[in-house]
Amino acid sequence: MDNEQKNSYKSGPDENGRFGIFGGRFVAETLMPLILELEKSYNKAKEDIEFLEELNELNSKYAGRPSPLYYAERLTEHLGGAKIYFKRDELNHTGSHKINNCLGQILLARRMGKKRIIAETGAGQHGVAVATVAARFGLPCVIYMGATDIERQKPNLFRMKLLGAEVIPVTSGTGTLKDAMNEALRDWVTNVDDTFYIIGTVAGPHPYPAMVRDFQSVIGTEAKEQILSAEGRLPDYLMACIGGGSNAMGLFYPFLDDVSVEMIGVEAGGKGVETEEHCASLTAGKPGVLHGNRTYLLQNSDGQITEGHSISAGLDYPGIGPEHAWLKDIGRVQYVAITDQEALEAFKVCTRLEGIIPALEPSHAIAHLIKIAPEMSRDKLIIVNLCGRGDKDIFAIAEHLNMAI
Amino acid sequence: MIKTRIDKCFDILKAKNKKGLVTFITAGDPNYKTSLEILKRLPSAGANMIELGMPFTDPMADGPAIQASSLRALKSGQNMIKTLELVREFRETNQETPIILMGYYNPIYAYGNDQFLEDAFRVGVDGLIIVDLPPEEDDELCLKAIEMGISFIRLATPTTDEKRLGSVLKNTSGFLYYVSISGITGTATPNINKVKDAIIRIKNNTDLPIAIGFGVKTKQNVEDMSKIADAVIVGSALVSLMNNEDKTDASIIKDVLDKVIELGKGL
Numbered sequence: 024m025d026n027e028q029k030n031s032y033k034s035g036p037d038e039n040g041r042f043g044i045f046g047g048r049f050v051a052e053t054l055m056p057l058i059l060e061l062e063k064s065y066n067k068a069k070e071d072i073e074f075l076e077e078l079n080e081l082n083s084k085y086a087g088r089p090s091p092l093y094y095a096e097r098l099t100e101h102l103g104g105a106k107i108y109f110k111r112d113e114l115n116h117t118g119s120h121k122i123n124n125c126l127g128q129i130l131l132a133r134r135m136g137k138k139r140i141i142a143e144t145g146a147g148q149h150g151v152a153v154a155t156v157a158a159r160f161g162l163p164c165v166i167y168m169g170a171t172d173i174e175r176q177k178p179n180l181f182r183m184k185l186l187g188a189e190v191i192p193v194t195s196g197t198g199t200l201k202d203a204m205n206e207a208l209r210d211w212v213t214n215v216d217d218t219f220y221i222i223g224t225v226a227g228p229h230p231y232p233a234m235v236r237d238f239q240s241v242i243g244t245e246a247k248e249q250i251l252s253a254e255g256r257l258p259d260y261l262m263a264c265i266g267g268g269s270n271a272m273g274l275f276y277p278f279l280d281d282v283s284v285e286m287i288g289v290e291a292g293g294k295g296v297e298t299e300e301h302c303a304s305l306t307a308g309k310p311g312v313l314h315g316n317r318t319y320l321l322q323n324s325d326g327q328i329t330e331g332h333s334i335s336a337g338l339d340y341p342g343i344g345p346e347h348a349w350l351k352d353i354g355r356v357q358y359v360a361i362t363d364q365e366a367l368e369a370f371k372v373c374t375r376l377e378g379i380i381p382a383l384e385p386s387h388a389i390a391h392l393i394k395i396a397p398e399m400s401r402d403k404l405i406i407v408n409l410c411g412r413g414d415k416d417i418f419a420i421a422e423h424l425n426m427a428i
Numbered sequence: 012m013i014k015t016r017i018d019k020c021f022d023i024l025k026a027k028n029k030k031g032l033v034t035f036i037t038a039g040d041p042n043y044k045t046s047l048e049i050l051k052r053l054p055s056a057g058a059n060m061i062e063l064g065m066p067f068t069d070p071m072a073d074g075p076a077i078q079a080s081s082l083r084a085l086k087s088g089q090n091m092i093k094t095l096e097l098v099r100e101f102r103e104t105n106q107e108t109p110i111i112l113m114g115y116y117n118p119i120y121a122y123g124n125d126q127f128l129e130d131a132f133r134v135g136v137d138g139l140i141i142v143d144l145p146p147e148e149d150d151e152l153c154l155k156a157i158e159m160g161i162s163f164i165r166l167a168t169p170t171t172d173e174k175r176l177g178s179v180l181k182n183t184s185g186f187l188y189y190v191s192i193s194g195i196t197g198t199a200t201p202n203i204n205k206v207k208d209a210i211i212r213i214k215n216n217t218d219l220p221i222a223i224g225f226g227v228k229t230k231q232n233v234e235d236m237s238k239i240a241d242a243v244i245v246g247s248a249l250v251s252l253m254n255n256e257d258k259t260d261a262s263i264i265k266d267v268l269d270k271v272i273e274l275g276k277g278l
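Chains as they are written, first to last, in this note's numbering: chain A, 24 to 428; chain L, 12 to 278.
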């Protein structure tokens, strides 16, 4: 191990926004001054007690933090191995971890004097969180959502509209998350003076990956305190699903230097990583440049981005946050893939045994848990991030299970 | 220093006291054969320089016309190997007209940066415009391109303030591409007075020729913009004529070349 690694896994990114070779600022010149301004403002804000206090206050009184760390007793018994805890981020206001980041960014937008909010959304969880904070702070907001995703996430579409957001269906490409992100970037390039772009995951040009990670780190910071208080020691494993990777980064980051803690990111294996229908960019993609950063991407040999597939719209992204790409390459975090079918099974198990209806996204993490927990001894501790609740998915799940609502 | 085709082109224009027309088409749009035919005939229709788009699935800075153009090209089977082959075939009969490859970084990165520069130079590419490689990422491709004698043409935009202009100009060669609007290609029409002010400001900082692009659609636009810059770039207005759903290749070729002739009258 060289000195740099010995020092910390938490020192990234460097001043150019790099985590190793990943990350960076691969944007059009028009956006360059904007992301430099954002970086400057963010660096100032994160050292500002007033900003941090306001965010804390909103996190607790508005979003409902801290989210509990819950001992999943029946699931633990059922699997007969390691002791399982759920980090209950699905209990947050708006139903997922996305609110953590949105509160941080909207406060920053306000400090920067921005008058208009834009965002992309896949499953609609980020869109709902953005629409929520935009309503709370009285700023107009435009959400780009792929036309395909709109079809499979109608409840979230309706919620965004109720909250006063303008939702623009994106038909370019295949009408999913990456196309929504393209359109949001096109909007930003066009409305440079007054618009703040709230990116929903730990991807995009620097400083987004670091900034979103910092806002999401509240998950891991709380979990660490909670597990120490419940068990008097650190967990042996952390597990979280990965689309762009924001909930996983939020849970993992505060533990990165605790080398005894193993971490597993669970990607969407779709119909299997050996097929072409999956979203496992780390497991089956290769490094490339898209949406402002270098990271692992699903692409063909000509560097054209290929369309992923997942039962879960929230994991349906051909890229991955650059910090995850780096953590994979240096071997600090292990990344695996779970198929649609396995996620559905896990969804059923969790719902019936724990009385918690998880979103399809964390169902992927639970599916991997179901695979490995039984092999472990009973004194092992696992924390799984339950990053979203499944209300939004019930129609899609009914269809997959051939059930009528 | 050896003069490149781009330098020579601007020298000739200057000597004749004329402005240049830069035309953009996407390689392989709507198919290889048709785009080669258009490419070969663009110079005689009035194009002084040619920007050749390298198609990409996710052209984030482009409007609907160039997005569609990119997707048509990809659908017809275009890839980087064929784009370089297109340039090679063009150079069999034309040694003068500068060819500038324009596009996004990922297809180049996937091809391999060194291999790409070597092959591009060999087939006769004169310059590169890579939308998502700002000065902050010069180590990626820009410095090596310049070393090899391929110009790296940078975009300056309405958001490029005095402070940034220095770093934008630093490793720019060939000419500077001024993006006339904050926005994506082929959409809004630029405000001439604002563009004029920006060009004057940039001219105070560099001797490089300046070409204006984005939102240049008509002969009148060409006329207006050519008064304040050294060259004018037209893209979306041309590729929007290439939709082959209800058009034959022959009529696409004719429409595009007619449009170039018409635009050239604005110079």
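Simulated from the structure, these hints should not be mistaken for lab results.
The structure presented is a predicted model; accordingly, all values stated were derived computationally and were not measured.
Every residue gets a Cβ at the ideal spot worked out from N, C-alpha and C, and that includes glycine.
Incorrect hints may have been included.
[Unchecked claim] Per label pair, the in silico range of CB-to-CB distance: (1) N323/A <-> D125/L: 18 to 28 Å; (2) D150/L <-> T244/A: 30 to 40 Å; (3) R355/A <-> I13/L: 45 to 55 Å; (4) K86/L <-> K294/A: 52 to 62 Å; (5) N216/L <-> D216/A: 48 to 58 Å; (6) D125/L <-> T244/A: 39 to 49 Å; (7) K214/L <-> I191/A: 18 to 28 Å; (8) I203/L <-> I44/A: 42 to 52 Å; (9) K371/A <-> E129/L: 54 to 64 Å; (10) N215/L <-> E80/A: 42 to 52 Å.
Results of checking the hints against the structure:
1. N323/A <-> D125/L: 18 to 28 Å: 21 Å, holds
2. D150/L <-> T244/A: 30 to 40 Å: 35 Å, holds
3. R355/A <-> I13/L: 45 to 55 Å: 49 Å, holds
4. K86/L <-> K294/A: 52 to 62 Å: At roughly 24 Å between Cβ atoms, K294/A and K86/L fall outside 52 to 62 Å, so the hint is violated.
5. N216/L <-> D216/A: 48 to 58 Å: 23 Å, violated
6. D125/L <-> T244/A: 39 to 49 Å: About 44 Å separates the Cβ atoms of D125/L and T244/A, which means 39 to 49 Å holds.
7. K214/L <-> I191/A: 18 to 28 Å: 39 Å, violated
8. I203/L <-> I44/A: 42 to 52 Å: 43 Å, holds
9. K371/A <-> E129/L: 54 to 64 Å: Holds: the Cβ-Cβ distance is about 55 Å, inside 54 to 64 Å.
10. N215/L <-> E80/A: 42 to 52 Å: 50 Å, holds
In this structure, the earlier hints numbered 4, 5, 7 are contradicted, and the remaining ones agree with it.
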